[in-house]
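Residue numbers (our numbering), protein chains in the order written: chain D, 1 to 119; chain H, 1 to 110.
Rather than coming from a laboratory, the hints here were simulated on the basis of the structure.
Errors might be hidden in some of the hints.
No more than 27 Å apart at the CA atoms, straight line, and that leaves these computed lysine-lysine pairs for DSSO-like [stated by the list, open to error]:
no. : chain 1 : residue 1 : chain 2 : residue 2
1   : H       : Lys42     : D       : Lys14
2   : H       : Lys92     : D       : Lys55
3   : D       : Lys66     : H       : Lys42
4   : H       : Lys45     : D       : Lys107
5   : D       : Lys64     : H       : Lys92
6   : D       : Lys55     : H       : Lys79
7   : H       : Lys92     : H       : Lys45
8   : H       : Lys45     : D       : Lys41
9   : D       : Lys14     : H       : Lys79
10  : D       : Lys64     : H       : Lys79
11  : D       : Lys66     : H       : Lys79
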Amino acid sequence: GAVVSQHPSRVICKSGTSVKIECRSLDFQATTMFWYRQFPKQSLMLMATSNEGSKATYEQGVEKDKFLINHASLTLSTLTVTSAHPEDSSFYICSAFRIGIPPTNEKLFFGSGTQLSVL
Amino acid sequence: RKEVEQDPGPFNVPEGATVAFNCTYSNSASQSFFWYRQDCRKEPKLLMSVYSSGNEDGRFTAQLNRASQYISLLIRDSKLSDSATYLCVVNKPGNTPLVFGKGTRLSVIA
Numbered sequence: 001g002a003v004v005s006q007h008p009s010r011v012i013c014k015s016g017t018s019v020k021i022e023c024r025s026l027d028f029q030a031t032t033m034f035w036y037r038q039f040p041k042q043s044l045m046l047m048a049t050s051n052e053g054s055k056a057t058y059e060q061g062v063e064k065d066k067f068l069i070n071h072a073s074l075t076l077s078t079l080t081v082t083s084a085h086p087e088d089s090s091f092y093i094c095s096a097f098r099i100g101i102p103p104t105n106e107k108l109f110f111g112s113g114t115q116l117s118v119l
Numbered sequence: 001r002k003e004v005e006q007d008p009g010p011f012n013v014p015e016g017a018t019v020a021f022n023c024t025y026s027n028s029a030s031q032s033f034f035w036y037r038q039d040c041r042k043e044p045k046l047l048m049s050v051y052s053s054g055n056e057d058g059r060f061t062a063q064l065n066r067a068s069q070y071i072s073l074l075i076r077d078s079k080l081s082d083s084a085t086y087l088c089v090v091n092k093p094g095n096t097p098l099v100f101g102k103g104t105r106l107s108v109i110a
């Protein structure tokens with residue numbers, strides 16, 4: 001089953017509105033979560049690193065005042081796209097580290113992603 | 001030079017074919033390497049980790065060449081269900097996020 005839950009899976013909004021995307025780690029604490037954005041036929045591009053209890057670290061070129069990240073608890077990080085524009089339309093996906101657990105020892109888990117369409 | 005480079009494809013192969021993907025990375029200090037699979041508008045899913053000694057999981061074989069900073073993925077006996085985008089992923093040292101390649105698209109044709 002999913003270990004990282006992301007909601008909503010799809011959102012359509014009008015230009016100028018704000019959209020909040022939630023990313024929850026299930027059954028484990030995630031002090032660090034990552035937010036990626038993926039445009040069609042492009043790779044996943046890291047937007048920011050979300051740190052529990054402190055400010056997020058943004059990648060170069062990502063506007064921190066436009067993409068607000070809040071990581072208020074060890075299981076929840078939110079990304080708010082403020083004053084959305086059509087060029088913000090993209091696939092947004094979060095991920096979280098979990099200490100390796102057998103049998104897979106997989107450490108990085110992804111949310112299911114959010115397809116944002118701004119009209 | 002991009003951190004992780006892949007041939008975007010697409011690779012169109014018939015069922016049963018063997019196909020190989022290559023990937024190069026620029027940071028010689030990179031420590032961990034992975035192949036992920038991503039279906040359209042879905043989250044990436046770990047296919048396999050890549051070790052210096054090479055590793056195999058069923059029809060999939062991954063190889064790492066640290067000297068050449070090169071990673072490969074071999075898929076044997078391709079199935080229709082293998083159609084997806086395959087992402088080469090590299091982990092830089094420290095508690096840093098993964099770096100993704102652009103992905104290589106594979107279409108397996110009946």
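To see whether the hints hold, each was checked on the structure:
1. A C-alpha spacing of about 24 Å is found between H:Lys42 and D:Lys14, which places the hinted pair at or below 27 Å, so the restraint holds.
2. For the hint linking H:Lys92 to D:Lys55, the alpha-carbon distance of about 22 Å falls within 27 Å, and the restraint holds.
3. Pair hint D:Lys66 plus H:Lys42 holds up; C-alpha atoms about 25 Å apart against a cutoff of 27 Å.
4. Taken as a hint, the H:Lys45 and D:Lys107 pair is honoured in the structure, with Cα atoms around 12 Å apart against an allowance of 27 Å.
5. A threshold of 27 Å between alpha carbons decides the hint, and for D:Lys64 with H:Lys92 the separation of about 24 Å falls inside it, so the pair holds.
6. With a CA separation close to 45 Å, the supplied pair D:Lys55 and H:Lys79 exceeds the 27 Å bound.
7. With a CA separation close to 19 Å, the supplied pair H:Lys92 and H:Lys45 stays within the 27 Å bound.
8. Pair hint H:Lys45 plus D:Lys41 holds up; C-alpha atoms about 17 Å apart against a cutoff of 27 Å.
9. For the suggested pair D:Lys14 and H:Lys79, the alpha carbons sit about 42 Å apart, so the restraint of at most 27 Å is broken.
10. The hinted pair formed by D:Lys64 and H:Lys79 fails the criterion: a straight-line CA distance of about 43 Å is larger than 27 Å.
11. Between the alpha carbons of D:Lys66 and H:Lys79 the distance comes to roughly 43 Å, so the proposed pair goes past 27 Å and is violated.
Consistency with the previously given hints fails for numbers 6, 9, 10 and 11, ordered from lowest to highest.
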